[in-house]
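Chains W and U are the protein sequences, given in the same order. According to my numbering, the stretch in the first sequence is residues 1 to 225, in order. According to my numbering, the stretch in the second sequence is residues 1001 to 1236, in order.
No lab work stands behind these hints, which were simulated from the structure alone. Any given hint could turn out to be false.
[To be verified] So the derived list for chain U, only partly shown, Cβ under 8 Å to chain W, looks like this: (1) 1011; (2) 1021; (3) 1049; (4) 1062; (5) 1098; (6) 1101; (7) 1197.
[To be verified] Take a look, some chain U residues computed to stay more than 10 Å from chain W by CB distance: (8) 1005; (9) 1012; (10) 1159; (11) 1227.
If you're wondering where the values come from, they're calculated on a predicted model, not measured in any experiment. We put the beta carbon where it would ideally sit given N, CA and C, even for glycine.
Here are the chains, one letter per residue:
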Amino acid sequence: MDVQGMALAGLADRCRQETQKYRRREAFREEFCYEIFRRAICDRDGDAWSALVETYAGLTRGWIIRHPARATVREDDDYLLNGLFERFLRAIGPERFVQFPTLANLLNYLKLCAHSVILDEVRRHEQTPVESVDRLLEELGEEPGAESRELANVEARDLWDKINQVLADEAERRVIYLRLALGLAPREVQRRDPTRFPTVGDVYRAYRNALDRLRRAPEIRRFVE
Amino acid sequence: MSCIRPGLVSTDDLVAYVVGEAPAAVADHVRSCPRCSAEVLTYARADRRLRRAMNRIKCPSAHRLGEYELGLVLGDERWAIAGHVAECQRCTAELRLLRGFIGDEPAPAPSLADRARRVISAILMPTPKLALGTFRGASAGETRSFRAGDVTITLGPGPAARRRRVSLDGLVVGDQGDPDQFAGREARLVPATGTSVVTVIDDLGSFLVDDVAPGVYRLELDLADRLIVVDDVSLG
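Turn these sequences into a full structure, and let the hints steer you where they fit.
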């Protein structure tokens, strides 16, 4: 059957029927749905895109609702659903379409978009685990969280580059990466890299040297004091 | 202002206190010493602010991590993500979550992150003499040993090569001591650009990469249950 010659309405009908079979885990034909994806992505056909969204709205809403991290995200289902389709369209352009030779590949990717749109919200609200230091600062008379501010992504990357330029050697870079970027405790840093840090004291020393160096660097000082 | 008991605690002890790993004696001293308390405050502020600002700075986005899982990220970036995931508990947890979420699809093959155990500058020591007599010839002081889990990899220069060419001799030994457990597995020497050179580990755990150009390479040992990577192998 020449699906490329079919009218969109006919394609959409067949696609919906075959999708029902897919959801019932019955044998199904994928060429009708795949052709709608192809027109929407490769031809940038707005009507095909609308048909695609309509066909898969129920399936994708189910993915959003059933995602294991859904309960930790405050945004409503429609917001996440819109984000999912926007992301899918932005991520797969005509040039990437060849990476998805089957309908299963495309649906897997659509499912990935459902996952990543939720995970982005999870990450956005994720707290850095600094409670013990918060408590310590409170004990020492500092207002909890008074000075903290979020950095924009570009600003954070810029700061990261500056930090790495200021550090003296690989031991300092390693401890700063493991402590700041991965959030590891020094004992875990030592366990991960016993060759570079034979004792946990070596980790404390490297971290202290690194912090001293960062506090002295004019371009970084304002972030740490 | 000076410390009320100079010499009792070091600056490193103060950092240990900031991260919650100091012994009780250090904690008692900090609480009673204004000078050390002020020092702790400075380090604690820096630690907290930098950790908030740099949290997950090197993590790939959730979407890119997912593309990696689906096999849509290739080349050096794939290796970079695999290396990162091998170290990052949070990305590992996100991958686990994704696999569970896509669980009603066919089970994905083990990803690079499951297999990669990167050996980055994990040099044990120069090896004056090897325990097994199967190594093909590097002289004392020229070999280097690396460690990846329960496997020791020893590398040294191989037999004399043609002019402006070099060779690499290697020995892979597991802690179990079974010399042929790696027999038939591939060892690959990967240049920064160009084609990899592939050889096979023999039944004594030895391999030889012969007649290659001097330069810096990545060595990959494709063992049955993992891929061991030794970065920055400098030849010649």
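Against the structure, the hints come out as follows:
Against a cut-off of 8 Å between C-beta atoms, the interface hint on residue 1011/U holds, since the closest Cβ of chain W lies about 6 Å away. About 6 Å separates the beta-carbon of residue 1021/U from the nearest beta-carbon of chain W, less than 8 Å, and the hint is met. For residue 1049/U, the suggested interface contact is upheld, since its CB lies about 6 Å from the closest CB of chain W, less than 8 Å. Of the supplied interface hints, the one on residue 1062/U holds, with its beta-carbon coming within about 4 Å of a beta-carbon of chain W, less than 8 Å.
With a least beta-carbon distance of about 5 Å to chain W, the hint placing residue 1098/U at the interface is held under the 8 Å criterion. For residue 1101/U, the interface hint holds, the least distance from its beta-carbon to any beta-carbon of chain W being 5 Å, beneath 8 Å. A least Cβ separation of about 27 Å between residue 1197/U and chain W goes past the 8 Å threshold, and the interface hint is therefore violated. The claim that residue 1005/U is not at the interface with chain W holds, since no C-beta of that chain comes within 10 Å of its own (minimum 19 Å).
Residue placement check: residue 1012/U does not keep its beta carbon more than 10 Å from all beta carbons of chain W (closest about 4 Å). For residue 1159/U, the shortest C-beta to C-beta distance to chain W comes to about 30 Å, beyond the 10 Å cut-off, and the non-interface label holds. No Cβ of chain W comes within 10 Å of the Cβ of residue 1227/U; the nearest lies about 19 Å off, and the non-interface call holds.
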